Amino acid sequence: MQKVAEHKGCGTSGGSGKASCGTGAGENDLPQEIWDKVKNHPCYSEEAHHHYARMHVAVAPACNIQCNYCNRKYDCANESRPGVVSEKLTPEQAAKKVLAVASTIPQMTVLGIAGPGDPLANPEKTFKTFELIAKTAPDIKLCVSTNGLTLPDHVERLSQYNIDHVTITINMVDPEVGAKIYPWVYYNKKRYTGIEAAKILTDRQLQGLEMLTERGILSKINSVMIPGINDQHLVEVNKAVKSRGAFLHNIMPLISAPEHGTVFGLTGQRGPTAQELKALQDSCEGEMNMMRHCRQCRADAVGLLGEDRSAEFTTDKIEAMEVTYDLESRKAYQEAVEKERQAVVAARQEELQTLAGAHSDIKMLIAVATKGSGKVNEHFGHATEFQIYELSTEGAKFVGHRRVDLYCQGGYGEEDALATVIRAINDCHAVFVAKIGGCPKNDLKAAGIDPVDQYANQFIEQSAIAYFKEYLDKVSSGEIEHVVKGDAEIRQGALIAA
Amino acid sequence: MAYTIVEDNCTGCCACEPECPNQAISEAKGGLFVIDPALCTECIGHHDEPQCVAVCPIEETCIIDLNYPRYEAA
Chain A
0 MQKVAEHKGC GTSGGSGKAS CGTGAGENDL PQEIWDKVKN HPCYSEEAHH
50 HYARMHVAVA PACNIQCNYC NRKYDCANES RPGVVSEKLT PEQAAKKVLA
100 VASTIPQMTV LGIAGPGDPL ANPEKTFKTF ELIAKTAPDI KLCVSTNGLT
150 LPDHVERLSQ YNIDHVTITI NMVDPEVGAK IYPWVYYNKK RYTGIEAAKI
200 LTDRQLQGLE MLTERGILSK INSVMIPGIN DQHLVEVNKA VKSRGAFLHN
250 IMPLISAPEH GTVFGLTGQR GPTAQELKAL QDSCEGEMNM MRHCRQCRAD
300 AVGLLGEDRS AEFTTDKIEA MEVTYDLESR KAYQEAVEKE RQAVVAARQE
350 ELQTLAGAHS DIKMLIAVAT KGSGKVNEHF GHATEFQIYE LSTEGAKFVG
400 HRRVDLYCQG GYGEEDALAT VIRAINDCHA VFVAKIGGCP KNDLKAAGID
450 PVDQYANQFI EQSAIAYFKE YLDKVSSGEI EHVVKGDAEI RQGALIAA
Chain B
0 MAYTIVEDNC TGCCACEPEC PNQAISEAKG GLFVIDPALC TECIGHHDEP
50 QCVAVCPIEE TCIIDLNYPR YEAA
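From first to last, the protein sequence lines are chains A and B.
Heads up: the first sequence is residues 0 to 497, going by numbering that gives the first Met the number 0.
Heads up: the second sequence is residues 0 to 73, going by numbering that gives the first Met the number 0.
Derived from the structure by calculation, the hints contain no laboratory data.
A hint or two may mislead.
Unchecked claim - Derived DSBU-like pairs: lysine-lysine, alpha-carbon spacing no greater than 30 Å straight-line:
#1 B/28 / A/189
#2 A/444 / B/28
#3 A/140 / A/396
Note that the structure is a prediction, hence the values are computed from the model and not measured.
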């Protein structure tokens with residue numbers, strides 16, 4: 000008999016972590032001091048991202064390395080990738096924007112600087128912004144995302160500004176691999192190329208990571224999965240960063256459409272499929288916590304992950320806004336959010352009891368249409384993305400999301416939209432929705448995906464477990480036969496405004 | 000003796016501005032950057048290579064301005 004809902008505790012950062020936590024990380028999965036730091040951070044805690052919001056301010060346009068998956072030159076109106084922003088801000092404009100957003104969206108708890116270039120290649124702008132925000136909005140957590148080249152030079156200053164979260168993008172620890180990803184780096188007033196450049200980069204990244212760990216600053220590692228170049232190698236990267244104290248690893252799929260004009264886009268380098276990405280994430284999971292809910296947001300994203308509101312906060316609009324920053328009402332709002340969040344956890348725990356004693360090797364994926372609050376509450380036709388859960392007798396585990404919003408892909412009408420959705424969730428056995436029309440229902444069934452609308456407005460995990468239990472019963476009674484599903488496609492592009 | 004920035008290529012990323020040892024680079028209209036030829040020394044005496052060229056992420060963006068004869072070191 001298998002015990003259900005058992006917590007397999009994760010190691011402390013740098014320790015021998017084994018992981019059932021990752022994005023589903025809960026209070027009992029992480030060391031208390033880390034959990035306290037990340038529990039309200041939407042990018043670090045999968046659970047928190049339903050409840051709390053973050054924003055990025057684009058104050059750092061310059062970069063000191065060139066990556067083959069990045070092209071900051073190209074920027075069409077509908078274009079949206081990490082690194083693309085609609086306007087650059089001065090630190091003063093950024094501080095005002097943060098106040099305006101935090102006053103409008105009380106669940107906004109985190110400010111990140113993530114480009115469009117490298118924030119630490121723009122140290123004066125980045126640190127000036129942090130300084131202004133620490134003064135005016137002291138309750139907002141600050142974090143920064145960097146390629147790590149100049150990180151060792153700035154660790155001291157980062158700790159002075161009380162920045163307890165840093166993301167480093169590390170795609171390799173082997174310069175031979177690195178030379179295929181980075182054409183050049185600019186270091187000590189000189190441009191380096193090839194293996195020499197990659198060697199400098201990896202040395203500086205790992206040194207920076209070690210320095211952060213020494214100072215107790217949390218480090219998350221982002222890696223871009225590039226099939227045929229670093230996909231196998233990322234297991235090595237995972238080990239290298241874990242042993243140096245990184246607490247979370249986020250492996251993201253390469254975005255490389257030809258129209259993005261990146262080197263990889265132009266050379267036809269493909270991105271991974273959904274199942275390739277999941278397999279790599281699963282193979283690293285034994286080593287440390289994996290992050291799976293990253294949506295590869297724009298460097299000027301605002302709002303909840305999956306619900307971008309940046310269009311409401313352009314510089315023009317902010318200039319016209321009356322901003323009153325009310326710390327007390329923000330606090331009251333966040334307390335209410337905390338209650339709602341506890342209700343989700345309680346509902347999951349309750350439903351898990353019903354699986355107690357069940358044992359089966361069957362695992363399956365389901366897709367869920369949700370607007371947030373941890374509930375099945377989105378109409379199938381309105382969903383711009385689906386959350387993916389893996390169901391087993393262990394419970395329902397969040398394993399990722401699939402976006403189906405389509406911009407800059409050209410020539411798609413209503414009819415193609417459904418085919419796109421099916422391609423994106425083709426590895427799922429069911430799709431949970433609040434509501435769905437007759438036509439898509441039949442098409443989904445024909446594709447072997449069960450459209451489930453009976454759990455409208457109920458908690459996701461609770462519903463998923465109930466569904467799974469019923470499914471197992473049907474399999475054991477012979478009413479249905481369990482079949483393994485195929486692969487799915489990852490949409491090319493960053494999250495865009497709804 | 001001066002470098003110049005090809006307007007069509009410049010993305011306004013501002014990587015060059017803080018690297019210029021002569022403060023010859025500044026932001027112009029539309030967030031793009033320009034080099035003041037009167038201040039540019041091609042980094043001679045400062046660095047092995049012109050810093051705007053070394054740091055610019057777009058090739059052929061910081062180029063020799065043909066209106067100014069190239070500096071020739073003695």
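Agreement of residue 444 of chain A and residue 28 of chain B with the hint, judged by alpha carbon distance not exceeding 30 Å | violated, 56 Å
Under the criterion that the straight-line Cα-Cα distance not exceed 30 Å, is the pair residue 140 of chain A, residue 396 of chain A satisfied?
-> holds, 27 Å
For the pair supplied as a hint, residue 28 of chain B and residue 189 of chain A, confirm whether the alpha-carbon distance does not exceed 30 Å.
-> holds, 28 Å
The earlier numbered hint that this structure contradicts is number 2, and it is the only one.
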